[in-house]
Amino acid sequence: MLFRYAPDRKGERPAAHLARFRGDLHADGYAGFDRLYGERVAEVACWAHVRRKFFDVHAATGSATAREALDHIAGLYAVEQDVRGRPPDERRCARQARAGPLLAAFRQWLDATGPKLARRSDLAIAIRYALTRWSALSRYVEDGRLEIDNNAAERSLRGIAVGRKNWLFAGSDQGGQRAATIYSLIETAKLNGVVPEAWLTDTIARIADHPARSIDQLLPWNYRPA
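Numbering (this note's numbering), first residue to last: 1 to 226.
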């Protein structure tokens with residue numbers, strides 16, 4: 001897990017961070033990523049963000065139409081529940097066989113429902129949000145390595161968001177960069193099943209006498225307690 005610090009939300013920041021990247025990019029609808037998408041980077045949109053928009057409408061109004069949308073999306077997540085942990089090729093085949101028809105049915109529903117709504121209504125806005133990202137939302141079906149959403153990244157950011165409310169400031173740009181490094185190590189430890197506090201305590205005690213050429217032995221994915 002890698003966090004990069006930036007002093008603002010300008011689109012040039014992710015463009016610089018990912019200047020050499022080629023591949024699929026899981027992301028929300030942040031406009032700063034738009035300049036990246038093209039031949040080099042393929043957008044993979046997040047179904048959790050789509051679901052949230054319909055969920056909010058349903059929670060606020062009890063809309064039966066929003067409930068229909070949520071039911072369509074629930075079908076997609078049911079497929080994911082069944083294929084979780086399986087090899088990429090198996091996930092792709094299962095998605096194409098089961099999620100593909102569900103996507104086609106939902107797209108047909110969106111196309112038919114949108115024109116019936118007041119353009120500025122929250123429900124119409126939710127439908128347009130899904131339609132404008134449809135290709136990116138459908139991409140996960142074609143590649144078993146991809147996820148249906150970027151919830152894993154969102155969960156990793158939760159601690160940072162809570163922390164910001166508590167201590168408010170990093171102190172300086174350098175402080176922000178150091179915080180990003182520490183967050184990267186802590187979240188990487190969690191991903192590798194290592195307790196961050198135990199790893200940091202042990203590593204700080206050992207690092208002074210540890211050979212520099214073997215420093216990678218202390219990184220979270222190689223870590224073994226002393």
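Hint data in this document are derived by calculation from the structure and do not stem from the laboratory. Any given hint could be a false lead.
[What the hints assert, rightly or not] Pairwise CB distance ranges (calculated):
| # | residue 1 | residue 2 | range |
| --- | --- | --- | --- |
| 1 | Asp111 | Arg52 | 16 to 24 Å |
| 2 | Ile204 | Gly114 | 28 to 36 Å |
| 3 | Thr61 | Ile204 | 29 to 37 Å |
| 4 | Arg52 | Ala6 | 18 to 26 Å |
Beta carbons: idealized from backbone N, C-alpha and C, even for Gly.
Verification of the supplied hints:
1. Asp111 x Arg52: 16 to 24 Å: holds, 21 Å
2. Ile204 x Gly114: 28 to 36 Å: violated, 56 Å
3. Thr61 x Ile204: 29 to 37 Å: violated, 53 Å
4. Arg52 x Ala6: 18 to 26 Å: This hint holds: roughly 25 Å between Cβ atoms.
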